[in-house]
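Student: Counting along the sequence shown from 1, when you hit position 119 you're at 900 in my numbering, and nothing is skipped either side.
Bear in mind the hints are in silico, worked out from the structure with no lab data behind them. Just so you know, even glycine gets a beta-carbon here, dropped at the ideal spot from N, CA and C. Watch out, some of these pointers could steer you wrong.
As the list claims (entries may be wrong) - Pair ranges (Cβ atoms, derived):
| # | residue 1 | residue 2 | range |
| --- | --- | --- | --- |
| 1 | Asn875 | Ala1204 | 39 to 45 Å |
| 2 | Arg1203 | Thr895 | 21 to 27 Å |
| 3 | Glu1176 | Ala862 | 29 to 35 Å |
| 4 | Lys1135 | Arg1019 | 46 to 52 Å |
| 5 | Ser1122 | Thr837 | 41 to 47 Å |
| 6 | Arg1137 | Gln1022 | 17 to 23 Å |
| 7 | Gly960 | Trp1093 | 35 to 41 Å |
| 8 | Thr945 | Asp997 | 14 to 20 Å |
| 9 | Pro843 | Ser1133 | 40 to 46 Å |
| 10 | Thr837 | Leu857 | 47 to 53 Å |
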Amino acid sequence: MDMRRLREFHPKVTFEALVPMIRRSVRLLASVIAALSVAVPSASAAGDWPQFLGPTRDGHSPSTTLDVVPKEGWPLRWKAAVGEGFSGPVVVSNSVYLFHRSEGQEVLSAYHVTDGSLRWKHALPTSYSAQSGGTEGPSATPAADHQRVFALGASGKLRAVSATEGRLLWQVDCAERFGAESGFFGFGSSPLLLGDRLIVQVGGPEACVVAFSVSDGRVLWKAGTDEAGYGSPVPRTRAGQQEVLCFNRAGLLMLDPANGAERARFPWRARMHASVNAASPIAVGDGVFMTSSYGVGAVLLKPDGKTLRPAWSGDESLSSHFATPVLVNGFLYGFHGRQESGPDFRCIEASSGKVRWSLERAGSGSVLAAGRKLVLLMESGEVRVLEANPEKPVEKGRFQAGSSGARALPALAFGRFFFRDRAHLLCLEISH
C-alpha cells in the first residue's frame, strides 16, 4: 500500500483543530442538560397542591372528586388562627404551608394536614406598608416540593426554607438586587417551581422575569425589562417545546424556561396608570388567553409564525379584575367585572369569546375545577359548587364555610378543601 496516499486521506489532526468542535459539543451538551432539567416536573405526589393554581398550574385538581354536596356543607376538619395576607395555602404530603404576616413579621408556617397542628414556622421582620389599600401581608402564594418551600414577600424578599424543619436555606432581596419596585400592592406574582429552577416575575429595569436555582438561589437567567404584574408565570408545551407564559404589567412575555430566551411578546395594558394585570394567562390549545379589567378586557392570542395575533378580543366577554378563570372542555368560567362593583360569574366559549351564560352580581371570589365541577370561594366566605356546564348554570350546593376576607386562592388536596379567610386557615372534609 502506498503510505503517502494513505496520509493524504488521513491527515494528522492537531488539538488546535479540535478546539472549535469541542466547544460546539460542550455548548450542545449544556443546552440538552438545561432542557432536561426543566422538562422533568418538580417532585410532587398525586393529590398534592404544591403551588399557585395547583399541580398543573391551571386551577384543576385531577385527584379530587366532587359528588353530592351536603346541605350543611363540607364538615370542618380543623382551623388555625393566622395573620394577615392574601397568600393561598399549598399542600405537599402531610404539610399545609401558609405565608402570612403577624406582629411585624412575614411568617411561613407549616401545619399538619390531619389536625392543623403547627409543625414549624420561619419568620422574617418586614417594614412593608401598603400604598394603595389592600393587605399589609404577603399576596404571593408559596411553591413547595418535598425538600423546600419558596416564598416571595410583599417587599420583594424571596426565601427558600427546608420543608421538614423550616430552616432558612437562602434568600434574595429582589428589590435591591434587580432594582424592582413593589407596585400598587407589593410584590404579588406567585413563583413557579419548574424542575431545578424557580421562575419569578420580579419586574424592573434589570429583570422582568428571573430564574433562580432551587438549590442555592443562583440566578440562572434574566429576561425582559417590563414592570411586574400580579399574574403568575404558567408553563405549557407547544409543538413539542416547553415555554413559560408571563403576563406582566405591559402584556405577555413568552419565554424559553431553559435559558430565558424570548419567543414572543404581545402588549396588553389599560391606558390608565392606576391599573394592574392580575389574572394569570391560560393556555388554550396553541393559543393564550389573557384577561384584565380597566376597559382593556380579554384576548385570545394565536401564533402566526413567530408573532402572536388576536383571534378575538373585547371588554364584554370575560374581563377579570383579579381572579384567574378556569378552562374546562373548551369553555372558560370566571368572574367578569371590577371586584368592588360585584362582578358577574360567567361562562364563555374560549375559541370565540361568546358569552354562554352569566350569573349577574354574583360577587367577587375565586374558582377552581375538579373534573366537571367548579368550586367557587366567595370573598364573603361562602362556598358554591356548580357544574361546568356551558349550556346553563347548574348549582349543586352552597354553604357558609368561613368569614369575610376570603380573597386568597384556595387549595383542593387529598379529598379536602383548604382556604383562608381574614383570620383563619380552615380545612374542610369533602364528602364523596
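Student: State for each hint whether it applies.
Tutor: Against the structure, the hints:
Here the CB-CB span from Asn875 to Ala1204 is close to 24 Å, at odds with the stated 39 to 45 Å. Judged by the Cβ atoms, the range 21 to 27 Å given for Arg1203 and Thr895 holds: they are separated by roughly 24 Å. Between Glu1176 and Ala862 the Cβ separation comes to about 32 Å, which falls inside the hinted range of 29 to 35 Å. Range check, Lys1135 to Arg1019: about 24 Å between beta-carbon atoms, so the 46 to 52 Å window is missed.
Distance hint for Ser1122 and Thr837: a CB-CB separation of about 31 Å, inconsistent with the stated range 41 to 47 Å. For the pair Arg1137 and Gln1022, the beta carbons lie near 32 Å from each other, so the given range of 17 to 23 Å is not met. Between Gly960 and Trp1093 the Cβ separation comes to about 37 Å, which falls inside the hinted range of 35 to 41 Å. Our hint of 14 to 20 Å for Thr945 and Asp997 holds, since their Cβ atoms are close to 18 Å apart.
For Pro843 paired with Ser1133, a C-beta distance near 27 Å fails the hint of 40 to 46 Å. At about 28 Å, the CB distance of Thr837 to Leu857 disagrees with the hint of 47 to 53 Å.
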